[in-house]
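As they're listed, the protein sequences go chains A and B.
If you read the first sequence in this note's numbering, its first letter stands for residue 44, the second for the next number, and so on.
If you read the second sequence in this note's numbering, its first letter stands for residue 112, the second for the next number, and so on.
Please note that the accuracy of each hint is not assured.
[What the hints assert, rightly or not] With a straight-line Cα cutoff of 27 angstroms, these simulated DSS-like cross-link-like pairs (lysine-lysine) come out:
#, chain 1, residue 1, chain 2, residue 2
1, A, LYS62, B, LYS189
2, B, LYS578, B, LYS402
3, B, LYS193, B, LYS589
4, A, LYS252, B, LYS578
5, B, LYS193, B, LYS404
6, B, LYS404, A, LYS62
7, B, LYS404, A, LYS252
8, B, LYS278, A, LYS62
9, A, LYS50, B, LYS578
10, B, LYS589, A, LYS357
11, B, LYS388, A, LYS62
12, A, LYS252, B, LYS589
13, A, LYS252, A, LYS62
14, B, LYS189, A, LYS252
15, A, LYS50, B, LYS589
16, B, LYS325, B, LYS251
17, A, LYS111, B, LYS402
18, B, LYS388, B, LYS402
19, A, LYS62, B, LYS325
20, A, LYS252, B, LYS402
21, B, LYS278, B, LYS251
22, B, LYS402, B, LYS189
23, A, LYS62, B, LYS193
24, A, LYS357, B, LYS578
25, B, LYS370, B, LYS193
26, B, LYS278, B, LYS404
27, B, LYS193, B, LYS402
28, B, LYS578, B, LYS589
29, B, LYS370, B, LYS325
[Unchecked claim] Coverage of chain A stretches by chain B, computed from C-beta distances (three or more under 8 angstroms per stretch; other residues unrestricted):
#, stretch
30, 52-60
31, 108-122
32, 353-360
Keep in mind the hints are simulated off the structure, nothing from the lab.
Virtual Cβ for every residue (Gly too), placed ideally from N, Cα, C.
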Amino acid sequence: MDGTLEKMYVAPSPHIRDKHTTQRIMADVLIALLPAAAAAVYFYGASALLLMAASVAAAVLAEYVWQKANRQRVTVSDLSAAVTGLLLAFNMPASAPVWMPVIGAVFAIIIVKQLFGGLGHNFINPALAARGALMASWPSHMTSFVMPGADAVSSATPLGMIKEGAGTFADVTARFSLTDVLTGRIPGCLGEVSAVLLLAGGIYLIARKVIQPRIPVAMLGSMIVMLWIFGGEGGLFSASAYAVLYQVACGGAVLGAVFMATDYATTPVTPVGQWIFGAGAGVLAVIIRLLGTYPEGVSYAILLMNVAAPLIEKLTRPTPFGVQKPAGKKAGGSAA
Amino acid sequence: MGAFSDGLARGRHEFPKNAKNSFVFMCFFSQFTFFSLTYVFFYYIVYPIKHFYGKQVWKLKSLTFSGGIHPLAEQDWKAATKASPLRVFAPASVVIPMRQHLGRPCAPCVKPGDEVLLGQMIGEPASPRDVPVHASVSGKVVAVEERPHVTAGMMLAVVIENDGQDKPDPSIQPRSAAEVEALRPEQLRDIIRDAGIVGMGGAEFPTHLKLDVKGKVDYLLINGAECEPSLTGDHRQMLENGDLVVKGAVLLMRACGAKECVIGIEGKPDAAEAIQKAAEGAREVRVLQLKVKYPQGAEKMLIASVTGRKVPAGGLPAAVGCVVDNVSTAVAVAEAVYEGAPLTRRSVTVNGAVGQPGNLLLRIGTTFRDAVNFCGGFVGTPQKIISGGPMMGTAVAEPDVPVTKGGSGITVFNQITDPVTVEGNCLRCGRCVEACPLQLTPQAISEAYLAERLDLCGELRADLCMKCGCCTFVCPAKRHLSQTVDLAKRALAAQGRR
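Generate the whole structure from the sequences, applying the supplied hints.
Printed below as a string of structure tokens:
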């Protein structure tokens, strides 16, 4: 026995680790997305399922092939590619042809993620960047929405109807009530249909400590404030609570706040920075919705904040324990 | 705001339909405004308020610090040993290294063949800043040679064969209460130095140097946190030798000139109660129960939790009027002053993959192998043996290293719980930033170090890291964060020396 005791493993401390792993975090995100995915299949049928399957498969395959071709360690088992694929599918209307999410997923994984160094190194959200690329390339496919149900009657989204001036706000709410909007009985992208199920997924993520509530709360909160101030038809502060809630529940706001704006790689790591990021995304989303040409501003708002994330992070870096001045002013002096 | 509401007043339906340029402009303009406002908000509102209230209001918060971690239930092995009383153990032979403090090694003053007595000085200190080493058993010196050492690789050591008699050295003479009462602070510090007492929490810094504070000392803090998972030696000391802890605390107060003493205990209601009872006679000694969180027992964290004061970056606790000593150090001081006994034994928790995990009161110089065999031997084949606990302990290269004055535990793993050799990509999830008790950004420091940007590491204050390991513990990508930050810290120190 003693003979076998001589050689020991030696490693620097700590010698124990927490049980969180990248794979577990990504699996939790997929689980949190499942209720909304199920709702999409319920409302839009097999075409939704086909789009999601194609998108996830293309994303995973793109990552696998890229890493094999470049002789990198294959990391598809960490499930991050699957998350990107599913989120991309959530950004597609049910009527989109099946080749579109495939092209989008390849763009997201190879151009946006792998070319910049893979997981954690992309500077903008891959799924949103792919959505932007598809929107610019095939705008008609990306904006032709259908009503839930098997007969696939095409229709504009509630936000689109408001934007187009197809009727007053009352006309729109008469067609789609707030309950319809919350549960998902409206035309829209696969993932933005059911605000309630998306929020349930968000609560699951917060309970599992995968995300902190800072960004979703700040983003939805600032959207509510902005819509309350500027969203009414009769000047400042004229928006009713009903109208504000209706507009927040519509479109990609909840999907964006819970699943897109909380993407680790493209948001600040500092707690204060996360509040600012969320608030900024909310403000930008409302500005784009009200003043821009698109009915929907969440995805561009998040992309713009993604680009600003490194700056926010730098400004909000915590002051180390026992350091008197803000860390920025100490720069250089300590290194010398 | 004017332009904004004008745009609204015109009505959004009138807004040019194909206004791509103004759309892009709006986005950039609003971002620019947004960031200017953020900057102004922080520098003129948030920072001044924080600066003003930081000193007065925020120190009233509960007894803890920000950041830190909770080890998983299955990793915290305290339950296995906290009920096991300290068992006295003296092995057949001891290996006493000549360096057991932060400083220069001692020169051996015995040679093979000499008979030595328990408590006899066997290693002479190199200077008054260093502390001597004493024989922890009586018997015959069989060798003076290089032996494995926990941190130093190989180190000159005196090997003594125990005759089992424990014949005390004649210099060990107890002092009466009146004699102790008459001792002046500098005499107390000399007694503490000559007894070879160092920080027994693990740092091994000579205690007499720490007590020699030039300025005013408000608090002497006795560290009974023992936040390291798997260690319970201090817990047992407080339960079984509470009176010695309090006596030692009072002596330490006198030696450093502190006006008040706080014994900080993390959780452990039974220990807090025992110390409270022991401290009834001493009015200036207070017992505080702190929140259970690792690393509550780190010096800076303890001071912050108890007093709300922050030790300045790069400064010593004395800068905020505090001196911190470990519970075991207090016991050693009480024994040195009242009994005249030098430091020859300490409490050690033997935990993990061993037959009967427990707490030992063992002689300095006992090898890990002897201690583990006394506790029922190894279970399975040991893979990793740690001096100390699993968060901050040092993995030793072989089981024949001796326990030194700062060795608080022996933790044995018979399977590698940390098999991750391949680091995943950083997700930038921010868990390490939230866990760092010193509010560093481990992920950014690590990234800067790997990119060979030592200047950035300095800017991010890698030099402040205390290597508590919280960042590595929480990292889901299993990156070696605290290890990389430590490398950056060492590189910065080397750069500073050049």
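These are the hints, each one checked on the structure:
1. Restraint check for A/LYS62 and B/LYS189: the C-alpha separation of about 19 angstroms stays at or below 27 angstroms, so the hint holds.
2. Proximity of B/LYS578 to B/LYS402 is assessed by CA-CA distance (about 21 angstroms); at most 27 angstroms being required, the pair is judged to hold.
3. Using a Cα cut-off of 27 angstroms, the hinted pair B/LYS193 and B/LYS589 is violated, with the two alpha carbons roughly 31 angstroms apart.
4. As the CA atoms of A/LYS252 and B/LYS578 are separated by approximately 25 angstroms, the hinted pair is consistent with the 27 angstroms bound.
5. A distance of roughly 17 angstroms separates the Cα atoms of B/LYS193 and B/LYS404; the hinted pair therefore holds under the 27 angstroms criterion.
6. A distance of roughly 18 angstroms separates the Cα atoms of B/LYS404 and A/LYS62; the hinted pair therefore holds under the 27 angstroms criterion.
7. Annotation: proposed proximity of B/LYS404 to A/LYS252 holds, straight-line Cα distance about 18 angstroms (limit 27 angstroms).
8. With a C-alpha separation of about 52 angstroms, the suggested pair B/LYS278 and A/LYS62 falls outside the 27 angstroms cut-off, and the hint is violated.
9. At most 27 angstroms may separate the alpha-carbon atoms for a hinted pair to count; A/LYS50 and B/LYS578 meet this at roughly 26 angstroms.
10. Taking the CA atoms of B/LYS589 and A/LYS357, the gap is about 24 angstroms. The hint holds against a cut of 27 angstroms.
11. In summary, the hint linking B/LYS388 to A/LYS62 is not supported, as the alpha carbons are separated by about 40 angstroms, beyond the 27 angstroms threshold.
12. About 17 angstroms separates the Cα atoms of A/LYS252 and B/LYS589, which keeps this hinted pair within 27 angstroms; it holds.
13. Annotation: proposed proximity of A/LYS252 to A/LYS62 holds, straight-line Cα distance about 12 angstroms (limit 27 angstroms).
14. Under the criterion of a C-alpha separation no larger than 27 angstroms, the hint pairing B/LYS189 with A/LYS252 is consistent with the structure, at around 26 angstroms.
15. Distance hint between A/LYS50 and B/LYS589 is fulfilled; the C-alpha atoms sit about 25 angstroms from each other, no more than 27 angstroms.
16. A distance of roughly 43 angstroms separates the Cα atoms of B/LYS325 and B/LYS251; the hinted pair therefore is violated under the 27 angstroms criterion.
17. For the given pair, A/LYS111 sits about 49 angstroms from B/LYS402 by alpha-carbon distance, which is inconsistent with the 27 angstroms threshold.
18. Pair hint B/LYS388 plus B/LYS402 holds up; C-alpha atoms about 21 angstroms apart against a cutoff of 27 angstroms.
19. Only pairs whose Cα atoms come within 27 angstroms are accepted, and A/LYS62 paired with B/LYS325 is rejected, the gap being roughly 47 angstroms.
20. Of the supplied pair hints, the one linking A/LYS252 and B/LYS402 holds, its CA atoms being roughly 21 angstroms apart against a limit of 27 angstroms.
21. The hinted pair formed by B/LYS278 and B/LYS251 meets the criterion: a straight-line CA distance of about 12 angstroms does not exceed 27 angstroms.
22. Among the hinted pairs, B/LYS402 with B/LYS189 is consistent with the structure: their alpha-carbon atoms are about 16 angstroms apart, no more than 27 angstroms.
23. Taking the CA atoms of A/LYS62 and B/LYS193, the gap is about 25 angstroms. The hint holds against a cut of 27 angstroms.
24. About 24 angstroms separates the Cα atoms of A/LYS357 and B/LYS578, which keeps this hinted pair within 27 angstroms; it holds.
25. For the hint pairing B/LYS370 with B/LYS193, the CA-to-CA distance comes to about 32 angstroms; that exceeds 27 angstroms, so the pair is violated.
26. The hinted pair formed by B/LYS278 and B/LYS404 fails the criterion: a straight-line CA distance of about 44 angstroms is larger than 27 angstroms.
27. Proximity of B/LYS193 to B/LYS402 is assessed by CA-CA distance (about 18 angstroms); at most 27 angstroms being required, the pair is judged to hold.
28. Between B/LYS578 and B/LYS589 the CA atoms are separated by roughly 16 angstroms; this keeps the pair inside 27 angstroms, and the hint holds.
29. With a C-alpha separation of about 15 angstroms, the suggested pairing of B/LYS370 with B/LYS325 holds against the 27 angstroms cut-off.
30. Given a C-beta distance limit of less than 8 angstroms, the hint that chain B covers the stretch 52-60 of chain A holds, as 9 residues qualify and 3 suffice.
31. Counting residues of the stretch 108-122 of chain A whose beta carbon lies closer than 8 angstroms to any beta carbon of chain B gives 3, which meets the minimum of three for the stated coverage.
32. Counting residues of the stretch 353-360 of chain A whose beta carbon lies closer than 8 angstroms to any beta carbon of chain B gives 5, which meets the minimum of three for the stated coverage.
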